[in-house]
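Since chain A is already given, all that's left is putting chains B and C on it; use the hints.
Protein chains in written order, with the working numbering: chain A, 1 to 242; chain B, 1001 to 1260; chain C, 2001 to 2278.
These aren't lab readings, by the way, just hints derived from the structure by calculation. Please note that a few of the clues may not be correct.
Taking lysine-lysine and the DSS-like style, the derived pairs with C-alpha atoms no more than 30 Å apart in a straight line are [as the list claims (entries may be wrong)]: (1) K1134/B <-> K203/A; (2) K1132/B <-> K2135/C; (3) K1250/B <-> K203/A; (4) K1197/B <-> K203/A; (5) K1057/B <-> K203/A; (6) K203/A <-> K1120/B; (7) K1251/B <-> K1197/B; (8) K203/A <-> K1251/B; (9) K1229/B <-> K1108/B; (10) K1057/B <-> K1101/B; (11) K2135/C <-> K1160/B; (12) K1160/B <-> K1207/B; (13) K1231/B <-> K1028/B; (14) K228/A <-> K2103/C; (15) K1084/B <-> K1108/B; (16) K132/A <-> K2029/C; (17) K1207/B <-> K1108/B; (18) K2135/C <-> K1120/B; (19) K2135/C <-> K1134/B; (20) K203/A <-> K1160/B; (21) K1197/B <-> K1250/B; (22) K2135/C <-> K1197/B; (23) K2099/C <-> K228/A; (24) K1237/B <-> K1101/B; (25) K1084/B <-> K1231/B; (26) K1237/B <-> K1250/B; (27) K1028/B <-> K1108/B; (28) K1197/B <-> K1120/B; (29) K1223/B <-> K1101/B; (30) K2135/C <-> K203/A.
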Amino acid sequence: MADPASFINWSLLALEPPGWGGVLLRGLMNSIEIAIGGYSFGLLLGIGGACGKLYGGPITRDLMECYTTIVRAVPELVLILLLYYAGTDALNYVLALVGIGEVDISGLVAGIFVIGVVQGAYTTEVLRGAIKAVPAGQIEAARAYGMSPTKVMTRVTLPAMLPYAIPGLSNLWLIATKDTALLAVVGFSELTLVTRQAAGATKAYLLFYCAAGVLYLALTLVSDFLIKIIERRARRGFVEQS
Amino acid sequence: MKKTLKTIALSLALGIAAAGAASAEQVKVGFAAEPYPPFTSPDASGNWEGWEVEFQKAICAEAKLDCVITPVAWDGIIPALTSKKIDMIIGSMSITEERLKTIDFSDKYYNTPTGIIGPKSETFDATPEGLKGKTIGVQVSTIHQDYANKYFGENGATVKEYQTQDEANNDLAAGRLDAVQADAIALDAFLNSDQGKECCEAKGNVKDDPAILGAGVGIGLRKGEDELKGKLNAAIKAIRENGTYDTFSKKYFDFNIYGE
Amino acid sequence: MTDTTPPDVTTHAMAFTPEDLPTAGSFFKPHRIVLLLIAAALVFCIVWFMRWDWVPQYLPRLGYGILVTLAMLFSTAILGFILAVPLGLVQVTGPWPLKTLAKIFCTVIRGTPLLLQLWLLYYGLGSIFPQTGIKQTFLWPYLRESWPYGVAALTISFAAYEGEVMRGAFAGVPAGEIEAARAYGMNRWTVFRRIWLPRAIHRALPTLNGETVLQLKATPLVATITVIDVYSVISKVRQDTYITYEPLLLLALIYMCLTGILVIAFRYLENRIPTRGA
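In isolation and in its complexed conformation, chain A is listed as follows:
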């Protein structure tokens, strides 16, 4: 084997062209953008879904059940393809029906939508479990004080369930960051796809894939660090369980 230094050309990772570092970082920013957007959208869907599952009528409950079952039984890759092509089509169709007219859905919006719908189902399940973990007595006490259902929700149920939900939600954030890689398959320029392009253009496959791995790992570790801080704050007053 030749001297390893001869086939690792570090200058390829330089931030300024002809190095590809800048392209990779921009890909990382795209990935983070989509992860944040998709996660937030998923959180909204999840809150709606969990409320629907716990407090909705029988039909809402069944429809929510179908949604979470499908997402939890079908690979993300397949869902992403279906939603990317069919989902945006359907969205356009619905928008046209309500009279807004056809719109142009950018790759970013489509990516956020796709990741959001997948995350929404997972979030629904996490939040449902967390809300169920809130002691019934606390909610009954709030009701006994004459609070309206909305007030019970915002003042008691949501704040009280948060400590139970945070571990699951933080895992879902890590999963959202990694799921963005799947958008490479539909040609969205996030980190994994730009890595493949850089690797293909320079033929330094090993170097670029490892570099992208380091970037993803850094994202995970930084997130992990922040999650620990949030968790510690949220669990104040809880007995340490583990």
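Relative to chain A, chains B and C alone:
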């Protein structure tokens, strides 16, 4: 709670609508989001360059279209066109009978033969007999895939399908393939790269089959967009006649890429 | 990674598990019958108005693809589990160098996308083959194929996730049980083989079905490195026929059936294993 959700949903919808309205007049030009030198390849500053990028700029300028380039996944490029994620394909797509069932094409804008390359260590011809028992790499959803399956796959060769041309080339260099079939110019670009020079050489062009290999490369369009088609055909003709086409082609090729 | 997290919470949120299976009686509520009728009408519309004429032609290939997917799933789940046991164990009792190595391994694998790992293994390693003499070794006929890379990547990923579960399971076996075994004069190996390992596996079993469903959901990624599984057969249909939605709908249906069968099989297994004290 419900009210907030409604507000958020509405603002989201309006946001999408606003984003849509802002870019209503643009024409989105789709091509494969992968290095395909010398036609389209990304450079280190994230821009796309190559012969086809210059062709696209010339066409859009000539036809007075506000074009935005939109890289998409090659294997989903036709669905992307039909579902209006892009408005036309300038991505080295050959005009074939099969594709004409689904989409429409402009007149051809270049035409090149189909070649086969293989490792230097092996000698064989680009014929069904020569490739018997070999593993041939092709890119999915290309005329080469159809051709290789018909002529080589049914004559004792194994055809392996790759998402991008670049991955097939890479696997040939890695020794996982015995041959790669593709556009002769794209293969030339690979053979001239450091990786290609070291491992591989051209094994010749395949016998033509116009029914599969088509009649040159055209701009892919949705069916029924005759106005756009007319504009593009006029633009192709115009840049051929006013010399623009030859000017940028000379930078890349020393032969006539337009064909006969 | 977040150590306080019971891993099964997220797994359960992401994977369909036996608790979610409906019971036969639950279908006969009035509103469900109406919903079922609407669903039946929807299915009828899909079958009637969309294009399905390609199905018979591709049926044999689809069957082959499903077999490849299942082979990928089971081989990697079994291999991954075998790797997960030592990974979990050294994190609980191993000497610190091994402990750190195992921890780093799990963190790195769980912190990067599987798709990237797969491409790193297949294309990254492939690109350095020409510089090495690997073509002369007995391994070459396997390294030339694409499936070993798929199996390796999926196995490693499963081992890392399940290794974390096994770590919790090993740590969670009550110390009293192990002390009792020692008091009976069992040596360390016997304690491990007869008490610690079986109890830890028993504790890990409930998460195992979730992890297996997640693994099934990860298998289509191998199609991106030219392994011909059911996903790649469907991709081929899409490319050959230019039909977009119908093949993907069929694919989603196939995966739902596979998940359903897997989950029912797990429930059957779970019912056969006594769960006293788990």
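Quick rundown of the hints versus the structure:
{"no.": "1", "hint": "K1134/B <-> K203/A", "result": "holds (25 Å)"}
{"no.": "2", "hint": "K1132/B <-> K2135/C", "result": "holds (22 Å)"}
{"no.": "3", "hint": "K1250/B <-> K203/A", "result": "holds (26 Å)"}
{"no.": "4", "hint": "K1197/B <-> K203/A", "result": "holds (13 Å)"}
{"no.": "5", "hint": "K1057/B <-> K203/A", "result": "holds (28 Å)"}
{"no.": "6", "hint": "K203/A <-> K1120/B", "result": "holds (19 Å)"}
{"no.": "7", "hint": "K1251/B <-> K1197/B", "result": "holds (22 Å)"}
{"no.": "8", "hint": "K203/A <-> K1251/B", "result": "holds (24 Å)"}
{"no.": "9", "hint": "K1229/B <-> K1108/B", "result": "holds (12 Å)"}
{"no.": "10", "hint": "K1057/B <-> K1101/B", "result": "holds (28 Å)"}
{"no.": "11", "hint": "K2135/C <-> K1160/B", "result": "holds (20 Å)"}
{"no.": "12", "hint": "K1160/B <-> K1207/B", "result": "holds (20 Å)"}
{"no.": "13", "hint": "K1231/B <-> K1028/B", "result": "holds (15 Å)"}
{"no.": "14", "hint": "K228/A <-> K2103/C", "result": "holds (18 Å)"}
{"no.": "15", "hint": "K1084/B <-> K1108/B", "result": "holds (22 Å)"}
{"no.": "16", "hint": "K132/A <-> K2029/C", "result": "holds (24 Å)"}
{"no.": "17", "hint": "K1207/B <-> K1108/B", "result": "holds (21 Å)"}
{"no.": "18", "hint": "K2135/C <-> K1120/B", "result": "holds (15 Å)"}
{"no.": "19", "hint": "K2135/C <-> K1134/B", "result": "holds (17 Å)"}
{"no.": "20", "hint": "K203/A <-> K1160/B", "result": "holds (21 Å)"}
{"no.": "21", "hint": "K1197/B <-> K1250/B", "result": "holds (23 Å)"}
{"no.": "22", "hint": "K2135/C <-> K1197/B", "result": "holds (19 Å)"}
{"no.": "23", "hint": "K2099/C <-> K228/A", "result": "holds (22 Å)"}
{"no.": "24", "hint": "K1237/B <-> K1101/B", "result": "holds (25 Å)"}
{"no.": "25", "hint": "K1084/B <-> K1231/B", "result": "holds (19 Å)"}
{"no.": "26", "hint": "K1237/B <-> K1250/B", "result": "holds (18 Å)"}
{"no.": "27", "hint": "K1028/B <-> K1108/B", "result": "holds (20 Å)"}
{"no.": "28", "hint": "K1197/B <-> K1120/B", "result": "holds (10 Å)"}
{"no.": "29", "hint": "K1223/B <-> K1101/B", "result": "holds (9 Å)"}
{"no.": "30", "hint": "K2135/C <-> K203/A", "result": "holds (20 Å)"}
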